[in-house]
Amino acid sequence: MQQRIGQGWTQCLGLLLYVLLLSLWGYALIGLGSEEHQGDVYRIIYMHVPAAFAAFMCSFVLFVASIYGLKRNKHGQAVLYGRAAAEVGLAFTLITLVTGSIWGKPTWGVWWTWDGRLTTTFILLLLYGGYLFLWSAVSDPVLRTKVCSILGLLIFADVPIIYKSVTWWRTLHQPPSLFQGGQGLIAGEFLSLLLGGIAGVSLLALWLIWQRGINLGLQKEIDTQLIKKSLRY
Amino acid sequence: MTNLAYIIAAYSWGIVGISLMMYAVRRQRLKLEAILTHLESAL
Amino acid sequence: MSLVGGFIRIVRQGFRVEFQEKERLLTPLFFAALMLLLFNFVLDEQAEAVQVKLFVAEIFLTMLFALHLCFSRIFEADAEDRAFEVLQTYSLHRLAWFAGKYCLAMIFGLLVIVPMILLSGLFHGQATLFLLYSPALWGVVVLMLAGLSALGVLLAAMMLKARGREVLFPLLYFPLAIPVLLAASEAVLGFISGSAAAWQWLGLLLGFDVIFITLSAVLFAELVGD
Numbered sequence: 001m002q003q004r005i006g007q008g009w010t011q012c013l014g015l016l017l018y019v020l021l022l023s024l025w026g027y028a029l030i031g032l033g034s035e036e037h038q039g040d041v042y043r044i045i046y047m048h049v050p051a052a053f054a055a056f057m058c059s060f061v062l063f064v065a066s067i068y069g070l071k072r073n074k075h076g077q078a079v080l081y082g083r084a085a086a087e088v089g090l091a092f093t094l095i096t097l098v099t100g101s102i103w104g105k106p107t108w109g110v111w112w113t114w115d116g117r118l119t120t121t122f123i124l125l126l127l128y129g130g131y132l133f134l135w136s137a138v139s140d141p142v143l144r145t146k147v148c149s150i151l152g153l154l155i156f157a158d159v160p161i162i163y164k165s166v167t168w169w170r171t172l173h174q175p176p177s178l179f180q181g182g183q184g185l186i187a188g189e190f191l192s193l194l195l196g197g198i199a200g201v202s203l204l205a206l207w208l209i210w211q212r213g214i215n216l217g218l219q220k221e222i223d224t225q226l227i228k229k230s231l232r233y
Numbered sequence: 001m002t003n004l005a006y007i008i009a010a011y012s013w014g015i016v017g018i019s020l021m022m023y024a025v026r027r028q029r030l031k032l033e034a035i036l037t038h039l040e041s042a043l
Numbered sequence: 001m002s003l004v005g006g007f008i009r010i011v012r013q014g015f016r017v018e019f020q021e022k023e024r025l026l027t028p029l030f031f032a033a034l035m036l037l038l039f040n041f042v043l044d045e046q047a048e049a050v051q052v053k054l055f056v057a058e059i060f061l062t063m064l065f066a067l068h069l070c071f072s073r074i075f076e077a078d079a080e081d082r083a084f085e086v087l088q089t090y091s092l093h094r095l096a097w098f099a100g101k102y103c104l105a106m107i108f109g110l111l112v113i114v115p116m117i118l119l120s121g122l123f124h125g126q127a128t129l130f131l132l133y134s135p136a137l138w139g140v141v142v143l144m145l146a147g148l149s150a151l152g153v154l155l156a157a158m159m160l161k162a163r164g165r166e167v168l169f170p171l172l173y174f175p176l177a178i179p180v181l182l183a184a185s186e187a188v189l190g191f192i193s194g195s196a197a198a199w200q201w202l203g204l205l206l207g208f209d210v211i212f213i214t215l216s217a218v219l220f221a222e223l224v225g226d
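These protein sequence lines map, in sequence, to chains A, B and C. Per this note's numbering, numbering through the first sequence is continuous, rising by one, with the last residue being 233. Per this note's numbering, numbering through the second sequence is continuous, rising by one, with the last residue being 43. Per this note's numbering, numbering through the third sequence is continuous, rising by one, with the last residue being 226.
One chain only, chain A, in its complex shape (with noise of 0.2 Å):
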């Protein structure tokens, strides 16, 4: 089976990345000094804002495989990897949801607040529901990879523009937060790790699409083993 030849290898890829990603957050807990306006606190961007990251890169790469399932790849594994893509997607952005909140309360004394990026997100976790919710809702497989494609394709197209809404509404209505997405850390070493931990995360997110991808692709192949075997009889 084409899927499992190497299997140990891309197994050893995401446990290295896994370990790195763990190594840098232990650094980050233990080996770097205070921020000046956040106290301590602010080591919690080394986790959300990496998770941020990855939770919008999946849109991207539901967009690539929505596309290629629509023109190229109708009945194959391309679809599958845009539905393993809104799975990666919907953790990554709960995370993001969740430490988000849990960093907001000592910065802004509230667990929520309407910030654009934090609302752009919660809407991107309704909308990764409801792209797995189309998913099974569709029996037909060909009309199921039309559908999806079309709609991978619509959140990545509505993305930008539902952040630059909620940003200029927000601008609007609340002046501006303490918190500037990491502009107030930009020294050096501050900003080596946090893109070494976007890096780390987004790749740990795409080997966790490749994966979950294949997993999908096996799962088809056993569906359709047990309809040839259940035709012989």
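If you're looking for bench data, these hints aren't it; they were derived computationally from the structure. If a hint is listed, it holds; no wrong ones were tucked in.
Here are a few chain A residues that face chain B, going by a calculated C-beta distance under 8 Å:
1) ALA51
2) ALA91
3) ILE222
Simulated DEER-style distance windows between Cβ atoms:
4) C/THR27 <-> B/LYS31: 45 to 51 Å
5) A/VAL64 <-> C/PHE65: 33 to 39 Å
6) C/PHE41 <-> B/SER19: 44 to 50 Å
7) A/VAL64 <-> C/GLY225: 20 to 26 Å
The beta carbon of each residue, even a glycine, is placed where N, CA and C say it ideally should be.
Chain A is fixed; fit chains B and C onto it per the hints.
Same frame as chain A, now just chains B and C:
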């Protein structure tokens, strides 16, 4: 809650979430491959 | 069949279906009236300064909810007796099909929105009467309808064969329509107060319309094609 508690809460959530995803993907792979191997040998 | 010929046939067929069963047009209208009633119970603020804001918020929210009823049923008649599949085999230009449905969505949307806005103006009384004569309000309403209609027609076609589409349609339609809601309400409030930001919001609304009308037309053709 002290600042340390917030930091631990945030990191726990993220690390546990990512670990669960990796574990779920791995576990599902092993299960699917076992089923597929069984089916291929049966057919 | 030519593009224009196909478009005219789809629009004509749509009118015949909608006006055959009056309840198809009246249900969203009654629903809009009900929403206005509920909003006025909850947002019972008498201060004049707030009336304009409440009016704008009410009409755009009610529009969003009432239009979702119009759009989700735009292909309902085609789903009966496999008419949708038959239409797919006809030499009907895909763009004509989309344009026809889009035009129907706009027309029925207007038939619901105009009475709804007038009714809301009546509920709010003197404080908001001047708005009913405002070209800014009606212009923004038409632009909002233009964008929402494109999105609504595409989503309705996508969900024709989906289970639980009564729940799935609003679940996808509302989040995707958020920029339209924000832009429309902020643009109108901006024009009323004379703020320069109103043009920014109008630009966003126009941008949304252009992107989504184009995208919806292209993707609709992909959806109904082979």
